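Protein chains: 2
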Amino acid sequence: MAILDYIEKNKQRFLDELFELLRIPSISALPDHAPDMQRAAEKWVEILKKAGVDKAEVCPTDGPPVVYAEKIIDPAKPTVLVYAHYDVMPVDPVNLWKTPPFEPVVKDGRIWGRGANDDKGQSFMHAKVFEYMTSTGTLPCNVKFMIEGEEEIGSGNMLKWCKANKERLKADVILVSDTGMFGQQDPSITTGLRGLTYVEVEVTGPNKDLHSGLFGGAVANPANVLCRMIASLHDEKGRVTVKGFYDDVQIVSDADRAALAKAPFNLEEYKKALDIAEVAGEEGYTTIERTGIRPALDVNGIWSGYTGEGSKTVIPSKANAKISMRLVPNQNYTKIGQLFKEHFESIAPPTVKVAVTMHHGGPAYVSPTDSPAYKAAHAAYTEAFGKEPVPFRSGGSIPIIAAFERELGVKSILMGFGLESDAIHSPNESYCLFNFYKGIETIAGFYKHFAK
Amino acid sequence: MAILDYIEKNKQRFLDELFELLRIPSISALPDHAPDMQRAAEKWVEILKKAGVDKAEVCPTDGPPVVYAEKIIDPAKPTVLVYAHYDVMPVDPVNLWKTPPFEPVVKDGRIWGRGANDDKGQSFMHAKVFEYMTSTGTLPCNVKFMIEGEEEIGSGNMLKWCKANKERLKADVILVSDTGMFGQQDPSITTGLRGLTYVEVEVTGPNKDLHSGLFGGAVANPANVLCRMIASLHDEKGRVTVKGFYDDVQIVSDADRAALAKAPFNLEEYKKALDIAEVAGEEGYTTIERTGIRPALDVNGIWSGYTGEGSKTVIPSKANAKISMRLVPNQNYTKIGQLFKEHFESIAPPTVKVAVTMHHGGPAYVSPTDSPAYKAAHAAYTEAFGKEPVPFRSGGSIPIIAAFERELGVKSILMGFGLESDAIHSPNESYCLFNFYKGIETIAGFYKHFAK
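Just so you know, the sequences run in chain order A and B.
Just so we're aligned: 379 in the working numbering is position 379 of the first sequence, and the numbers increase by one with no gaps anywhere.
Just so we're aligned: 398 in the working numbering is position 398 of the second sequence, and the numbers increase by one with no gaps anywhere.
Note that these hints are calculated values from the structure, not bench results.
Incorrect hints may appear among the rest.
Which copy is meant is left open, because identical chains are indistinguishable; a pair holds if it fits in one copy or across any two.
[Stated by the list, open to error] Below, a list of computed lysine-lysine pairs in the DSBU-like style, where the Cα atoms sit at most 30 angstroms apart:
#, residue 1, residue 2
1, Lys-98, Lys-312
2, Lys-107, Lys-452
3, Lys-11, Lys-160
4, Lys-353, Lys-237
5, Lys-163, Lys-353
6, Lys-375, Lys-107
7, Lys-208, Lys-262
8, Lys-11, Lys-163
9, Lys-237, Lys-341
10, Lys-163, Lys-107
11, Lys-208, Lys-272
12, Lys-243, Lys-312
13, Lys-166, Lys-243
14, Lys-262, Lys-43
15, Lys-312, Lys-208
16, Lys-272, Lys-353
17, Lys-312, Lys-271
18, Lys-312, Lys-237
On a predicted model such as this, the values are computed, not experimentally measured, just so you know.
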C-alpha cells in the first residue's frame with residue numbers, strides 16, 4: 001500500500017491517537033506535573049510498541065524519564081535515530097486560550113492545543129511513518145527512538161542519559177521534526193541553529209533606594225547607568241561591541257549566502273506581520289542573514305525602581321537585566337560568556353558595582369548539505385511538495401542537537417513542518433492538518449531515499 | 001513661665017497627646033483609610049481647641065478634609081499661618097518594621113512609628129508652642145492653622161480649598177515644619193525646594209513578544225532602544241540633553257554659592273553612608289549645588305520583557321520607564337514636560353513607536369533670606385542651638401509651597417527639624433526626642449522675634 005493510501009485510510013485514527021497524547025499536561029517547567037511526565041512517557045511506549053518496535057522502555061533519569069525504543073532489522077543496514085520530546089511549555093496566560101490547552105480539537109483545518117505542533121504533533125508523524133513501514137513490510141533500515149521530557153528546560157538529564165547510552169544510540173543520522181518551514185507551499189530544511197549565551201547583570205549604586213529629590217543629580221542612578229552600559233553594547237553599525245565577540249565567527253561563503261538568498265522571504269510581509277516600519281540589525285547583511293549566519297545580542301528583560309501605577313520618586317539602589325547572545329558556528333558559548341563578563345565589568349563606571357552571572361547556553365549547529373541524509377530529505381520534500389526545499393539557517397537554538405554531534409558523533413537532519421502561525425510557546429498553539437499529513441508523507445519519502 | 005520650663009513640666013503629656021495622633025493610620029494613598037482621615041482631622045480640631053484657638057473646624061473637600069483654625073488677637077498685628085499635613089505614607093513592606101507602625105513607642109531617645117517625624121511629630125510642635133503662648137498670655141500675633149490630608153499624594157484638593165478660602169488665609173508668612181536639618185548640632189533652614197516634572201515613556205517595537213532566537217539581530221528590540229534613548233538624555237558632562245532644558249534655569253550668584261558652601265557637608269561621610277566609591281553629576285558643581293541649585297533627570301523605574309527567575313528568550317514588544325526631572329527656579333514644569341516629550345519623540349528611531357505621558361509636577365520654590373520672617377527664624381535657631389543656622393536648598397519638592405505663593409501671595413519659612421536618619425517614607429520611621437523638644441523651643445523663639 002502506498003503511503004498516501006495508508007494515510008487516507010487511517011486519517012481519523014492518527015488524530016484520535018495523537019489526541020490521547022495531547023491530553024496529558026506534560027509541562028516540564030512545573031514540578032507538580034512529574035506524574036504527567038511519567039504518563040506521557042508510558043503513552044509513548046504504548047504508541048511505539050503498537051507501531052512495531054522490537055522493544056521500548058521508560059528509562060529513569062534524575063528528571064523526567066527518557067523513552068527508548070528500537071527495531072533492528074539488520075545490523076549491516078543503516079540506522080536512523082529519531083529524536084523528539086514529549087514535554088510541552090507552560091500554558092499561562094491560560095485565559096487567552098480559546099479552547100482548553102489540554103483538550104485538543106480540530107477546527108479550521110488545524111489541531112488546537114498545547115503540544116499540537118511542539119513537539120507532540122511533529123513527533124507523532126514519525127511513529128506513524130514507522131507503523132506504516134512495519135505494517136506494510138517496507139521498513140528499509142534499522143530505526144531507534146529517543147524521546148525526552150525536558151527539551152523545553154534545557155535537556156540537562158537527557159544529555160547525561162545520552163552519555164551513559166552511547167553504545168545503543170549508535171546511528172548514521174539523527175532525524176528530528178522540531179522546527180518550521182517557510183510556508184505550506186515553500187518547503188525548507190533547517191540546516192543551522194544558533195548557539196546561545198544567556199547572562200544576567202546587576203548594577204548596584206547606593207546601598208538603599210534614595211529620595212530622587214534629595215539625591216537626584218548628585219548620585220549615579222544605577223538605572224541610568226545600566227541604560228548607558230547596555231546602549232554601548234552595540235555600535236552605530238549594529239555590531240556588538242563586546243571585545244573579541246566576532247573573533248571566532250565562521251564566515252559564510254558567497255555561494256552559501258546566495259543559496260540563503262533564494263528563500264521565499266518577503267520583507268514587506270515580514271514588517272507588516274510585526275507591525276514595524278523598519279527592520280534593524282548589523283549593517284551589510286540581509287534580514288535572513290542577520291538571524292541565520294550572524295550573532296546577535298538582545299535584552300530579554302530589564303527592571304529597576306518603581307514599576308507600579310502612578311509615580312514614585314526614587315533613585316533605585318539596583319538595576320538588573322537579562323541579556324542573551326545568539327551565536328553562530330565556531331563561537332564558543334562559555335568563552336563568549338566570559339568575554340561578555342570581562343567587557344561588562346570593564347565598562348562599569350566607578351560610581352557603581354557590577355555583577356554578571358551566567359544562565360544556560362549552548363553551541364551553534366550546522367548540517368552539511370552534501371550528506372546522504374540531507375540528499376534523501378531533499379528528494380523527499382521535492383517529491384511530496386513538487387518543489388525543491390530551501391536550506392535555511394534558523395536563528396533559534398536547540399542546544400541538545402549540537403550536544404548529539406559532540407557526544408554521539410552523529411549529525412542531525414531537521415525536517416520540521418511547523419509554520420510561524422502555529423504560535424508554539426504561546427496561547428492557542430496549533431498545527432495544520434495539511435502539514436501533519438504532508439509531514440508523514442515526506443518522512444516516509446526520506447526513509448525510501450535514505451536506505452536506497 | 002519660660003518655654004524651657006514649660007516643656008520640662010509637660011514633657012510626658014506632649015508625648016501622650018502626640019501618640020494619640022500617631023495611632024490613627026491616616027494613609028492618604030489607600031482609599032480604605034478614608035474613615036481614618038476623618039478621625040485624624042477631628043483629632044486635630046480637638047488638639048487645637050485644647051491649645052486655645054478661637055475656632056477650629058473640619059472642612060470637607062473632594063478628598064480628605066482640611067482642618068482650619070485661628071486665633072485673632074488683633075487684626076492690626078501680624079499673622080502667622082501654620083501649614084502641616086496629617087496624612088502619612090503607606091507602611092509596606094510592613095514586615096521590615098521592628099515595632100508596629102501605628103503603635104508608637106519611645107526607645108533609644110527616639111519616637112518610633114509612621115508619622116513620628118513626617119509630619120505628625122513636626123506639626124505637633126506647633127500646637128504645643130501655640131498652647132504655651134496662649135496659656136502663658138504671651139501670644140504676640142494672630143495665628144491660623146491649615147492642616148491637610150493629602151500632602152503625600154499631591155495636595156490636589158488642598159489647592160482647590162486654598163483657592164476657595166483666600167480671604168481667611170490672609171497672612172504675613174506661612175510657617176512649615178516638614179523638612180530636615182543638617183544635624184542635631186548643625187541647624188539649617190531650607191530656603192529652596194526643587195520643582196518636579198514626572199513623565200512615563202513607552203517604546204513599542206513588534207506587535208507581540210518575539211522569540212529572541214528566531215528574530216534576534218533582525219528586529220529592533222524596544223528594551224535596547226529604550227536604553228539607548230535614556231543613555232542619550234545626558235551628555236558626557238552630566239548635563240541633560242533635552243533641547244531647551246537649561247534655557248530658563250536661574251543662575252545662582254557667586255555670593256549665594258559661597259553661602260551654600262558653608263554647609264557642614266562632608267563628602268567622605270556622604271559617600272560612606274551610601275556605600276558608593278564616587279559621586280556623580282553635572283560637571284562644575286559641588287554635590288550640594290547639584291541637588292540645591294541645578295536641575296536633574298533620573299529614571300525612577302524601568303521595565304521590559306521577562307523579569308522572573310531564570311531565563312526566557314524573548315524580544316519584548318514594549319519597554320517602559322518612569323522618568324522625573326527636578327527643576328530649579330524659573331523652570332516651568334509644564335514647559336519642561338513638553339520639551340521632554342518633543343525631544344524624546346525626536347530621538348526615537350523609525351524602528352519603534354514612542355508614547356510619552358505626563359504624571360504630576362510642580363514648580364520650584366525659593367525663600368528670600370532677607371525677609372523679617374527669615375531673620376526671626378535665624379535668630380531663633382541661633383539662640384536655641386547656640387550656633388547660626390545655614391541656609392540650605394533642598395533637592396526635594398513640596399509642590400504646595402510654591403502654590404501657596406502663587407495663590408495666596410505668601411512666602412513660606414521652612415523650619416524643619418528632621419534628620420536624614422529618621423527614615424521618613426521608609427519602614428521604622430522615627431523622630432528624635434531632642435529634635436522634638438528643641439523644635440518647640442526654636443519655634444517659640446521664632447514668634448518672639450517675628451512679632452517684636
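**OP:** Go through the numbered hints given earlier and state which of them the structure violates, listing their numbers in rising order.
**Re:** Hints 2, 3, 5, 6, 8, 10, 13 and 14 contradicted; others consistent.
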